[in-house]
Each structure stands twice: as C-alpha cells, then as structure tokens.
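Using the sequences and the hints given, assemble the complete structure.
Protein chains in written order, with this note's numbering: chain W, 14 to 212; chain C, 14 to 212.
Some hints here could point you the wrong way.
Taking lysine-lysine and the DSBU-like style, the derived pairs with C-alpha atoms no more than 30 angstroms apart in a straight line are [claimed, not checked]: (1) 61/C - 102/W; (2) 151/C - 58/W; (3) 29/W - 29/C.
Derived contacts from chain C toward chain W, CB cut-off under 8 angstroms, selection only [unchecked claim]: (4) 28; (5) 31; (6) 35; (7) 43; (8) 110.
Ranges between beta-carbon positions, derived for each pair [as the list claims (entries may be wrong)]: (9) 198/W - 161/C: 40 to 48 angstroms; (10) 190/C - 185/W: 51 to 59 angstroms; (11) 212/C - 129/W: 53 to 61 angstroms; (12) 191/C - 158/W: 39 to 47 angstroms.
Please keep in mind that the hints were generated in silico from the structure rather than gathered at the bench. We put the CB at the ideal spot given by N, CA and C, even for glycine.
Protein chains: 2
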Amino acid sequence: MQYPLPIAHLIDSYMKLPGIGEKTATRLAFYTLDMPEQDVQDFAKSLKEVKENLHQCSICGNITEKDPCEICSNPARDQTTIMVVEQPKDVMAFEEMGEYDGLYHVLHGVLSPMDGVGPEEINIKSLITRLQKQDQVKEVILALNSTPEGESTAMYISKLIKPAGLKVTRLAAGLAVGSDIEYANSITLKRAVQGRTSL
Amino acid sequence: MQYPLPIAHLIDSYMKLPGIGEKTATRLAFYTLDMPEQDVQDFAKSLKEVKENLHQCSICGNITEKDPCEICSNPARDQTTIMVVEQPKDVMAFEEMGEYDGLYHVLHGVLSPMDGVGPEEINIKSLITRLQKQDQVKEVILALNSTPEGESTAMYISKLIKPAGLKVTRLAAGLAVGSDIEYANSITLKRAVQGRTSL
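Listed below in structure tokens is the structure:
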C-alpha cells in the first residue's frame, strides 16, 4: 500500500523546495493534513498569487505588482544613483536600512560560467540600455555579494560601464559590526586593514 | 517599503509549517517565485486536495479517499487482529514492512494531560465501540511509540479492554537492528535483557 494519492502529490511538491528531503516533506504533508482548513486554503491561494500577480519591473527588474515598480515611479527618489544588486531580497534589505534613496537594478543572479550563467542570463543588458537612456545617472553602486561570483560580476560590469565616464563604486568590505577579530577570516582582515579610516 | 503583498502572504503561510521561521520562510517564498509555473500550480492544487479529498475512515480512523478505507473494506485481511497506532504514518510504516495483514485503529494522538489531551480527544471511544461490535477480534496489538505518553496511553487502553477477555500485546522493546550496545540508553538495555530470547 502506498500513501493516498493526495498525500503523495503533496509530498512531491514539498520535496521541490530547497533543503527539504523525503522525510521532512512527509512530515510537512501530514502536518498540513491537520492544519485548519482556512490556513491551507490561504497557503494555496498565496502560492498562486505569487506567480500570477508578481512580475519583474520593466525598468529595474525588481519584483512588483505594478509596472514600473514603486521605486522606479517615485520622482522623489534620487535619480542620479543606481544600486546594482543580485536579488529582490537585497532591495528589501537596503530599503529596511532606510539610508539609501536612489534607484536599484536587480540582476537576478551573478555570472557563473560553471553553472552556465553568462551575461545574457542575467539583467546586465537592460542595465546598459538603461544607462544609455537615463543620462542623469552619475553613480553606479555595485552592491553584489562578497563571493567569487559576486566579485567577478562586479568587475565585469565595472569594465563595461566605466568608459562612459560614470562613477562606479562598491560596498566597503571589513569587519561586521559586533564581530570578533579572532573569528574573522584573513581576507576580511586584509580588506579591513586596506580600507582603514582615520578617527 | 515592505515586501509586495503576495510575497508577504506566502511568507506568513510558510511560517505556519513546523520548524520554519521567518528567515527560512522568506527564502522559500523567493524560491517559489523562481519555480516553474506548473510546479507552483501543482503545489497549490495538492494542498487543496489533501484537505478536500482525504477524510478519516469511519471504522479505523486512518486517512483515506473512500470510506471505509481500503484496509477495513478488504475481506482478505485478518479480521481477528487490530493494531492500535498513533498516526496514519505508522500504518504506512507497518504496511511497508509487509508482514502484518490484520486491521488497524488510528488514535490520532496519545494521552497527554500536560497538553490537555484526554481520552475524549483521541480515537479511544471508537476503538471500544468497534471491539463491542466486531466480536471476531481476538488480539489487540498496542503499537504505540516508546515515549512516556505512548506507554501510558498503552496502559490506559490495556486496562479498558483486558476485562473483555481479549489478548492485549505490545511491540518488543530492545536494541535496534544494526545499533551499537555502547550507544544504547540504559532503559533500552534493561528491556533488551528482560526480553532476551533463547538461540
């Protein structure tokens, strides 16, 4: 005897999520069975709506319900600065910080030749087109992750857009606030020394 | 700026699952956004179907698409033995084992006064009614987990049904096959010695 079909299908669906294997998927499926009817209906509805109602902004590539997105269509934001990030989540992180009021450009990934991700697979082309059109832009901040892929993507974009006379910057690297020197890796320490500031 | 509403709703839904906090829920929600349309539609559909198409069997309490369930309505199964288990998952485990061809009774929980679970909250009453009706039953196997709650639930049921002259058994306790004596806890070792068998 196998699991009843509806449970088997739900286990398959849970297993498609990252980091969830068969055991966990089975546990989640049986848990779902005991959840209040309304919660499960809401769950199903939110899954559908996330695919149906969210799209990429045609200007910056961020996910949005309306196009262009709230940030791109807000004239109060600083139109001279574009911050290039990897993921929509990064936009949320900088917005939560609350100190930045420029625009964004979401790449939806980083260059990774090993995984078959070249410049055509991420939103680099739309960034170039955008910079050609929006000539009020003065600075491009490359806010990519401090990973080998993030760094090489930053170098690639920098080489493409620097000739146009734009200011290209990247985020400061150094010790995380509240962290211990003894636990920092040596590359982080090297960057922290290189980028030391006067008191 | 907050997350777009559809994403926020999906994060809330994921957070209702056991062991999933806000960070993981956010990661899963953004992952869902990048999943193939069809997979997400299937996921939503299987969530709804698990609530709509699965019910408790009116005889044994196992989850089933039709009532009575396949096992209860199968005359080829041994009608003289009922195995009492905690969860539908336990039925699947014994069915996968393939050695048992009697009937089941699913309690959907164990007695746990600390959590407010008394005899009324689990399927004990329906077991008693069933034993009164199905007088061909000779043996009741209490296959409950080896936890304090499982053991006390077994004792409780045993006291209720033994006076009716039924054979009441429980699963053998001892060393798990393939396990090391040095890592076994002392209660398990005690049970293994008590239940030793001759070669």
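Going down the list of hints, with the structure as the test:
Annotation: proposed proximity of residue 61/C to residue 102/W holds, straight-line Cα distance about 29 angstroms (limit 30 angstroms). Straight-line distance between C-alpha atoms of residue 151/C and residue 58/W comes to about 48 angstroms, which puts the hinted pair past the 30 angstroms bound. For the suggested pair residue 29/W and residue 29/C, the alpha carbons sit about 18 angstroms apart, so the restraint of at most 30 angstroms is met. A least Cβ separation of about 11 angstroms between residue 28/C and chain W goes past the 8 angstroms threshold, and the interface hint is therefore violated.
The interface hint given for residue 31/C is met, as the beta carbon of that residue sits about 6 angstroms from the closest beta carbon of chain W, less than 8 angstroms. Proximity of residue 35/C to chain W is violated relative to the hint, the smallest CB-CB distance being about 13 angstroms (cut-off 8 angstroms). Among the interface hints, the one on residue 43/C holds; its C-beta lies about 6 angstroms from the nearest C-beta in chain W, closer than the 8 angstroms criterion. A cut of 8 angstroms between beta carbons decides the hint on residue 110/C: the least distance to chain W is about 11 angstroms, and the hint is violated.
Between residue 198/W and residue 161/C the CB atoms are about 46 angstroms apart, so this pair conforms to the stated range of 40 to 48 angstroms. The supplied range of 51 to 59 angstroms is met by residue 190/C and residue 185/W, whose beta-carbon atoms lie about 57 angstroms from each other. A beta carbon spacing of about 60 angstroms between residue 212/C and residue 129/W agrees with the range 53 to 61 angstroms that was offered as a hint. Checked against the given bound of 39 to 47 angstroms, the beta carbons of residue 191/C and residue 158/W, roughly 43 angstroms apart, stay inside it.
The structure shown violates the earlier hints numbered 2, 4, 6, 8.
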